[in-house]
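Q: Please construct the entire structure, taking both the sequences and the accompanying hints into account.
Heads up: the sequence shown is residues 123 to 304, going by our numbering.
FYI, nobody ran anything at the bench for these hints, they're computed from the structure.
A quick note: this is a predicted structure, and the numbers were derived from the prediction, not measured.
The beta-carbon is built from N, C-alpha and C at its ideal position, and this holds for glycine as well.
One should not assume that every hint holds.
Computed Cβ-Cβ distance ranges for the label pairs, DEER-style [to be verified]:
#, residue 1, residue 2, range
1, Arg178, Lys148, 28 to 36 Å
2, Arg178, Asp236, 24 to 32 Å
3, Ile126, Val158, 34 to 42 Å
4, Gly244, Met182, 27 to 35 Å
5, Cys278, Gly211, 15 to 23 Å
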Amino acid sequence: MKPISPKSALKKAHSIQVKANKLGLKQPVIADVAEVDHTHLYDILVTDGELRDITRELFMGKHYAQAVKDGFQFICDVARSKSGSDQDGTKLFDSILGGENTKIELKTKFRRNDSKNNLRIGYMNMCKGCYMGIRNPRMHEPTIKDDPMVAVELLCLANHLIIMFRNSKRIRGSKKKKGITK
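A: This is the structure we're talking about:
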């Protein structure tokens, strides 16, 4: 059998989808976020056990902003534990990922140093932005009420950042903090 080109495969797949749509086999589109089972999404997307321990009860109790705040605070706890740093907030991320004396190396498949450096600086900026733009407003304005879909999205982001820190490697003689696993 002769190999098919990617362009031909896409054309064939499109043709099949058009025929399936005409037969009524089109996948339903969720038109309203209210139709989504947020609990199910949470259970699928928030995979870190400790993050779930911290946020699940709050999320299920509809305390979405508190769940998000606590989830993003936990990122700091994991990063601090992994790096051995005593810093907090944006200073923590500057001290462990910024500059020449980084305390952790993020796991990556990138081989080039400039790509690794871009990853490190990018995640440093993301973490600082999350701390300032997600965690801090919920910390300092307790009347903030998050919608369940926003909470799932943000907790999914927190989950990803936590996994990145858990998979990172401590470097330059940094001491590990006790209390957080991995």
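Q: Hint by hint, note whether the structure agrees.
A: Structure-based check of all given hints:
no., hint, verdict
1, Arg178 / Lys148: 28 to 36 Å, "35 Å, holds"
2, Arg178 / Asp236: 24 to 32 Å, "40 Å, violated"
3, Ile126 / Val158: 34 to 42 Å, "36 Å, holds"
4, Gly244 / Met182: 27 to 35 Å, "33 Å, holds"
5, Cys278 / Gly211: 15 to 23 Å, "22 Å, holds"
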